[in-house]
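Number of protein chains: 2
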Amino acid sequence: MTDSWVNSAEGLGRDLHLEVSGQGGRRAALTGALREAVRGGRLAPGTRLPPYRSLAADLGMARNTVADAYAELVAEGWLTARQGSGTRVADRTPSAPPPAPAATPAAPPPAYDLRQGQPHTGSFPRAAWVAAARRALTAAPNDAFGPGDPQGRIELRRALAGYLARARGVRTSPERIVVCSGFAGGLRLLSTLHAVRRAPLAVESYGLPFHRALLDRAGLRTLPLSVDARGADTSGLAATRARTVLLTPAHQFPTGVPLSPERRAAVVSWARSVGGLVLEDDYDGEFRYDRQPIGAVQGLDPERVAYLGSASKSLTPALRLGWMALPAHLVGAVVAAKGEREPTASALEQLTLAEFIESGAYDRHLRGMRQRYRRRRDQLTAALALHAPHVAATGIAAGLHAVLRLPPGTERSATRAAAFQSLALDPLSDFLHPAAPAPATPQDGLVVGYAAAPDHTFTAALEALCRALPPPPGD
Amino acid sequence: MTDSWVNSAEGLGRDLHLEVSGQGGRRAALTGALREAVRGGRLAPGTRLPPYRSLAADLGMARNTVADAYAELVAEGWLTARQGSGTRVADRTPSAPPPAPAATPAAPPPAYDLRQGQPHTGSFPRAAWVAAARRALTAAPNDAFGPGDPQGRIELRRALAGYLARARGVRTSPERIVVCSGFAGGLRLLSTLHAVRRAPLAVESYGLPFHRALLDRAGLRTLPLSVDARGADTSGLAATRARTVLLTPAHQFPTGVPLSPERRAAVVSWARSVGGLVLEDDYDGEFRYDRQPIGAVQGLDPERVAYLGSASKSLTPALRLGWMALPAHLVGAVVAAKGEREPTASALEQLTLAEFIESGAYDRHLRGMRQRYRRRRDQLTAALALHAPHVAATGIAAGLHAVLRLPPGTERSATRAAAFQSLALDPLSDFLHPAAPAPATPQDGLVVGYAAAPDHTFTAALEALCRALPPPPGD
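Residue numbers (our numbering), protein chains in the order written: chain A, 1 to 475; chain B, 1 to 475.
These are computed hints drawn from the structure, not numbers from a lab. Among the hints, erroneous ones may be present.
What the hints assert, rightly or not - Restraint-style ranges between C-beta atoms, simulated for each label pair:
no., chain 1, residue 1, chain 2, residue 2, range
1, B, G236, A, R42, 51 to 59 Å
2, B, I154, A, A81, 37 to 45 Å
3, A, R166, B, P200, 51 to 59 Å
4, B, D228, A, A57, 44 to 52 Å
5, B, P108, A, A239, 31 to 39 Å
6, A, R230, B, I154, 26 to 34 Å
7, A, H329, B, G236, 46 to 54 Å
8, A, R166, B, F210, 23 to 31 Å
9, A, R217, B, F210, 44 to 52 Å
Computed from a predicted structure; not experimentally measured. Heads up, the beta-carbon is just placed ideally off N, CA and C, and yes, glycines get one too.
My request is simple: use the sequences and hints to build the entire structure.
Shown next as structure tokens:
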């Protein structure tokens, strides 16, 4: 018996390869080495460990150090200690080291990516953002580092109320703004409201499948409104049971037309007459190239329109910050839907964005991006004029994408031809609501996002695009 | 008629108080002033506006500028323009400026706040955090500013895998870590899994009502496990239909005891035998004062334990960052539950936290906070020894709170006495599961959070606490 633990102690001493460096380091090294020995099977379940005095002597360590290490491993369940039976390796061996999950073989990324929805990642204003973070965090009161107000930091709500009034014609106040984590986060909150849930929700017949899926999961039925050259046909709302409508008035997504003045007036009039609600998705309202931006519908009636914006296109989707300017009667319910505290939006980044806006850095960034994106749009239209003059690009007055109108029946083959060029883009029909009636004339098209591609690939991406387009009719 | 618009133009010119400064500035000022005039009722619905040439002459502006401003306001729905009838104010007047929502009169905040759950906000390492943000954002690849990987940035998952192994005895790999927005965000994701939904979920009979409410809303039934001096009684699991159990092994919340070695082994053994799952809430595992931290149960079987941690106690709840070290077979389902992209956790802060950990700043911060919190705990126990030696403080070896054990039947009166001192704290019974059987002996107590109070109020808060405690029995 004496022999057994002496051998064991020597074995342990040899096996453990202890690096001794300071008192805390020694104990940590010993516990780590013992854990590894148990995990690896070198110390089998039930194995009796040497008394701590012996192991201490063998390793040249203080007795207390070894006793503490034993106690720690007992507390963690690696060892058991019983009166009269000494310290042993616990019966239930921990499992073998975890295997890495089988990696699903990913398809190689496309050489060129003209899918819509993303800003130019290389243009994120890193230095200006960090400078704003430094100023914001230096100036922040201590309570900024406590649990957050679910409505959002007052500093950001103030900055947004001013910015949205100035740049987007939104009429609101800090008390009516709720911060959220991007447009989808805001829509998810709104979809919990009775005002939204009590009836079907009208949406544009063209839109993001991702948003429709979100509403589906929330248990909301969506009714498609047809979209034409004047935007969504809001005159059709009165004939439906809908009481809420989700629109992209500044730049219909993805067709790119602005909602016409008559239809803006009509949708507000409808909302007033039925006690309804307009959800305004202002996803890229900052980016209009040939004239001033079109102001938000919200300005026509702040009590009937909930305005949603985010930093995802204007700065980066990496931030996960969005905002809503709400009718006064909805503020309480939306804040309550977030729970007692802010569940997701970092207060530190809320403060940083507030400082970024107030310092003028946000306007500077947007001005620079407007120029950059306008140049890219011009490159796209120039390439089309040269190589595919029969293909019209629509929705190009604003935003980060265009729709290329194709001859009827050519959309799928053009998408396949693009894939053959290792060019990713989305066919227009992917955005059509499944319940939308078939359009009178076929709407073949490609949605081309021109903002995100890295600079060094953009020209080649446009060339690949032109190669993928169908030839002129009659060719 | 001619007269009318001349007067109108002059009136407009007088009313608008245009500040002319540059071309863009002029048009923006004009559209803003016209919008305000319509909003304020100075231009009533149907009012005909002067032809743009006249207004331009009257205001000394370029004709194009005024024409563009009219067109913009027509596009926004403020004005209408019809052939032959000129430009008029739209019929549907925008509503009056929005009133601020009625502020609900808030109760005055307590003078002293010893509620549990929050770290010391004044200790957030602002400068070190901004320095880490600067290094992280400077070094980040461009793709960091694109749509995020729902599993989380690989830089953070690598940093966490190393940190958790070293500091918490967690056995994992970057592939098995999923980033989320705090513990609640992680629990919400896990509550969508079939593995969790298929059967009732066992919880500790003492715990956060907030977590139980989250599980309730997710449609999960919770079964309380009794809690005693060795932690939750995991030996009772086998008699239930539960297949998942949520535990706080390092420091039972709120009673403060660590889960005993036998029960650690028993819960892993149970999970193996029934194909079950242990959810390990390691909310304050970093803070242990009198010896080394107790390692995570997850280390005993990474395939049966999902480990959850967050920055909410260790750094600040303002960050909204948490993490899960998952069994390999759950990674795919949890990532899928987040959707195609990261819905909430900022990639920029993920990168910053990764750099904060890798640079050693996180360990330095935790060491400093451990000392600060230990001193506060010692102040609490010293105050009790002096003023209320009959009241035992339990659960004080770790964490940010203690439980003061009170004579039976005195909890409510002590809470009221505290409120009378303008001292906020939580009675122990507030944390009891509503379906838990009544304990054999009454468990009267107060949960005292000693970490968050500002330094200048802490001594006074302790004095108020001691005044609120019941007198010794027999007094």
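**Message:** When the structure is checked against the list of hints, which entries are broken? Sort them ascending.
**Reply:** Hints 1, 4, 5, 6, 8, 9 contradicted; others consistent.
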